[in-house]
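> Each chain, written out:
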Amino acid sequence: MLVLGIETSCDETSAAVVQSDGRNFSVLSNVVSSQIKTHAKYGGVVPEVAARIHVEAILPVIEKAFGSGGMKKIDAIAVASGPGLITSLLVGNEVARILSWFLKKPLVGLNHIEAHIYANWLMNKKMNFPALCLVVSGGHTELILMCGHGKYEVIGETRDDAAGECFDKAAKILGLGYPGGPAVAAAAENFVFASIAKQSHKDGIAASPRQGGTPRNDIRLPRPMMDSPDFDFSFSGLKTAVLYAARDLKNKYKMEKIIPAMAHEVQEAIVDVLLAKTIRAAKKYNVKTVMLAGGVSANKSLRERFVAAMEKELPSADWNIPDFKYCTDNAAMVAAAGYFHVAKKDFTPWRKLKVDPNWEL
Amino acid sequence: MKKIFKNEKETLVFAEKFAKTLHGGEVVALVGELGAGKTVFTRGLARGLGIKERIQSPTFLLMKIYKVSPSTGLPRRQAGSGHKIKTLVHVDAYRLSGAGELVGIGILDWFGRADAVTVIEWADKVQELLRGEKVIKIKMELGEGEEERKIEIIGN
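In the order they appear, the protein sequences are chains A and R.
Numbering-wise (this note's numbering), the first sequence opens with residue 3 and increments by one.
Numbering-wise (this note's numbering), the second sequence opens with residue -18 and increments by one.
Hint data in this document are derived by calculation from the structure and do not stem from the laboratory.
C-beta atoms are modelled at their ideal positions from N, C-alpha and C, and glycine is treated no differently.
Don't take every hint at face value.
Dumping the calculated DSBU-like pairs for lysine-lysine here, alpha-carbon to alpha-carbon at most 35 angstroms [as the list claims (entries may be wrong)]: (1) R/K48 to A/K153; (2) R/K48 to A/K354; (3) R/K(-2) to R/K33.
Example chain A residues on the side facing chain R (calculated, C-beta under 8 angstroms, incomplete) [to be verified]: (4) E50; (5) P85; (6) I88; (7) G140; (8) G141; (9) T160; (10) A164; (11) P231.
Working from the sequences, and respecting the hints, build out all of it.
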């Protein structure tokens, strides 16, 4: 079966054709046109501009996704209908509606978060239920328990800011670029303990080597809610802690001396909390598979430490992480999620397709 | 009116009380730097209006809409006055570069509606949009201690 996926929830215009028999997924095409550079120029997202860029990009992107295969061969169309920015969502959904009518192919309007989870199926690994997925992005931080396809239970979520938002705002406080996640991660990479250790006495703040290879960081930020018995998260307080720490340290040291250590500690704090809760939830619910999803799951430190934690704490469970290109917004994940709706004949007639910017899974 | 709150809980309680003074149709303009407590204030306000849903930061979605659950609505005093607030519109202008952007996502549909209250974080970024509206400006500042916040309410 061939499914065309369409994704325009936020900053990316994407179309993909994915083939599947339910066991194996092959991505025949996955075209992503990003607006991040445009938004960086404006210093933020501009919904009107975003919508206009989506309008300009969507048809060429779909055309490219079809390639020489032609559009008539697809069996169904899947589109992300929310959550997201309403003006952006509308573009992809209107195009999907028209294609469904014109090509006389069935349509599925699905949840963007669900699509992120299904990015894991593109990896063609063993995926047994019950499964647990940590969905982390700029707008979401959720632990979702799945007892089967399409069966979701949100067992924990952020009470304030999403993890990706915390990365972004910490980047802003530290004067790093946009988008903040990659900027913080890159700055954290510079936290090479050997070089800083040399200066640690002189500067007083930086790091010194610790047994086991990880550098010791003299900056210590809180790990909000890490030990609370529930599976909720809170990152607003961490953001404020970064603000105060930066303010205090700025008086004593040059900002560029503090940045790598701060970035490293912010990342450590976020990853510590995310993994502690994920592993604890996986044990409590006795899941067979644990997955990551969403833009923040492209973070190298999170990926590496997730695998290490899984192998140490839950060696009998399977784990999965989407390929980098399927972590951030893309249409291949929408097509993969769409496949399971199509298999159940769970269609959305084009007349009834509706966008919902606040859609909760 | 300028007040100092020692911790998050005091801010929440104050915002909850503040919510009870609203009648509907107001635009609450929150102004203050990162970490000043704008979302915390909104959370208290939502609780005061009788919203049970969790208030998450709207930074990425720009606008979130919450319904007041019927059973927990406002006290009779306000309900009886014919200004029953049914919806809280929570907007964040942090990522925006100007006011026109909020028009694009339909904010004007909510302004002035007697059954809705709109809260805008980073309202100073979209000032020109607020002209002619029933605006209550709330200035928030970081205090001395890590949890201390200064809040100033500047009327219409």
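> So, for every hint listed, does it hold in this structure?
Each hint tested on the structure:
The straight-line distance between the Cα atoms of R/K48 and A/K153 is roughly 26 angstroms, inside the 35 angstroms bound, and the hint therefore holds. Distance hint between R/K48 and A/K354 is fulfilled; the C-alpha atoms sit about 23 angstroms from each other, no more than 35 angstroms. For the hint pairing R/K(-2) with R/K33, the CA-to-CA distance comes to about 16 angstroms; that is within 35 angstroms, so the pair holds. With a cut of 8 angstroms, the hint placing A/E50 at the interface with chain R holds, because the nearest CB-to-CB distance is about 4 angstroms.
Nearest Cβ of chain R to the Cβ of A/P85: about 6 angstroms, under the 8 angstroms cut. The hint holds. A distance limit of 8 angstroms between C-beta atoms decides the matter here; for A/I88 the minimum to chain R is near 5 angstroms, and the interface restraint holds. Satisfaction of the interface hint for A/G140 is found here, the shortest Cβ-Cβ separation to chain R being roughly 5 angstroms, below the 8 angstroms cut-off. Annotation: interface hint on A/G141 holds; nearest CB of chain R at approximately 3 angstroms, less than 8 angstroms.
With a cut of 8 angstroms, the hint placing A/T160 at the interface with chain R holds, because the nearest CB-to-CB distance is about 6 angstroms. Of the supplied interface hints, the one on A/A164 holds, with its beta-carbon coming within about 7 angstroms of a beta-carbon of chain R, less than 8 angstroms. Because the beta carbon of A/P231 sits about 18 angstroms from the nearest beta carbon in chain R, more than 8 angstroms, this interface hint is broken.
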